[in-house]
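Novice: In the numbering used here, the protein residues as written are 1 to 245.
Note that these hints are calculated values from the structure, not bench results. Each residue gets a CB set at the ideal place from its N, CA and C atoms; glycine is no exception. Mixed in with the good hints, there may be bad ones.
[Said to hold, decoys possible] List time: in silico DSS-like cross-link candidates among lysine-lysine, alpha-carbon distance up to 27 Å: (1) Lys94 with Lys6; (2) Lys6 with Lys121; (3) Lys14 with Lys128; (4) Lys121 with Lys102; (5) Lys94 with Lys128.
[Unchecked claim] Cβ-Cβ distance ranges computed for the label pairs, FRET-style: (6) Phe203 with Phe101: 32 to 40 Å; (7) Phe101 with Leu10: 18 to 26 Å; (8) Thr217 with Ile106: 15 to 23 Å; (9) Ala37 with Leu221: 13 to 21 Å; (10) Phe187 with Ser155: 44 to 52 Å; (11) Thr118 with Phe203: 23 to 31 Å; (12) Ile51 with Thr119: 19 to 27 Å; (13) Ser42 with Pro205: 21 to 29 Å; (14) Ile80 with Ile190: 25 to 33 Å; (15) Thr103 with Asp124: 24 to 32 Å; (16) Ile210 with Arg125: 39 to 47 Å; (17) Ser204 with Asp97: 38 to 46 Å.
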Amino acid sequence: MEHYSKELFLSAIKITFPVLLGYIPLGIAFGFLLTGAGYHWSYSFLMSVFIYAGSVQFISVALLAAGAGLMEFLILTLLINLRHSFYGISMLEKFSDVGRFKTYLIFALTDETYALLTTTKVPDRASKIDFYFYIAILNHFYWITGSVIGAILGSVLDIDMEGMAFVLTALFVVLTIEQYYHSKAFFPFIAAVGAGVVSIVLFSPQNMLIVSIIIGTLILLAHEKIMQAKRTSAPMADADQEGGL
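Using the sequences provided together with the hints, build the complete structure.
Specialist: Now the structure itself:
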């Protein structure tokens, strides 16, 4: 059992390797930004452990520098991470029997972790609970490592980090492509693209993300309702045909 658990952990490392390649440099960029704003490197560690939200952590540096109040932090964090409520709803079934790790898995559900948990099949004979936990904790570890390295280096070096923030966007694009290749249903991707285009055209860039999520969710709900109606009507139609015979 111990040997198999080790194999499962190594499998999780292999699966999360693309996230490592994105989280380490992005975490380094955050660490540089935080120490550049005059904060001790330990703040980077604490924020990455207890907040663990890349975009919020980047924005919080600007808010701290501007002397923002607690209410401003709370409102902005809620708006930025509101998309995670949609993630949570779709993970209700997967997390229904994860036991003692449930609280941490909910906390650690970043965009990239969500993408991996929804596309990666649990290995045969493996514990789903352990597999999910390994993926989540490894991604969290990558982010903490990158941010601490960046903060420590940022306290002694002067490096231009312009453009580094795009690493997170590039990482998510790669994971989306992987999800596309592993998925048997292509309609969600079509709905996502359509919702994104509509949001870009009709709304401001600041509101585009949350609006596109809402539109995409409504499209998927409507599509699922139509598909359920078709599945329900199909047996009835077959029964009518048999009755006619």
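Novice: Run every hint past the structure and note whether it holds.
Specialist: Now the hints, each set against the structure:
| no. | hint | result |
| --- | --- | --- |
| 1 | Lys94 with Lys6 | 23 Å, holds |
| 2 | Lys6 with Lys121 | 17 Å, holds |
| 3 | Lys14 with Lys128 | 17 Å, holds |
| 4 | Lys121 with Lys102 | 19 Å, holds |
| 5 | Lys94 with Lys128 | 9 Å, holds |
| 6 | Phe203 with Phe101: 32 to 40 Å | 37 Å, holds |
| 7 | Phe101 with Leu10: 18 to 26 Å | 19 Å, holds |
| 8 | Thr217 with Ile106: 15 to 23 Å | 19 Å, holds |
| 9 | Ala37 with Leu221: 13 to 21 Å | 42 Å, violated |
| 10 | Phe187 with Ser155: 44 to 52 Å | 49 Å, holds |
| 11 | Thr118 with Phe203: 23 to 31 Å | 26 Å, holds |
| 12 | Ile51 with Thr119: 19 to 27 Å | 26 Å, holds |
| 13 | Ser42 with Pro205: 21 to 29 Å | 34 Å, violated |
| 14 | Ile80 with Ile190: 25 to 33 Å | 26 Å, holds |
| 15 | Thr103 with Asp124: 24 to 32 Å | 28 Å, holds |
| 16 | Ile210 with Arg125: 39 to 47 Å | 41 Å, holds |
| 17 | Ser204 with Asp97: 38 to 46 Å | 42 Å, holds |
Consistency note: the structure conflicts with the earlier hints numbered 9 and 13.
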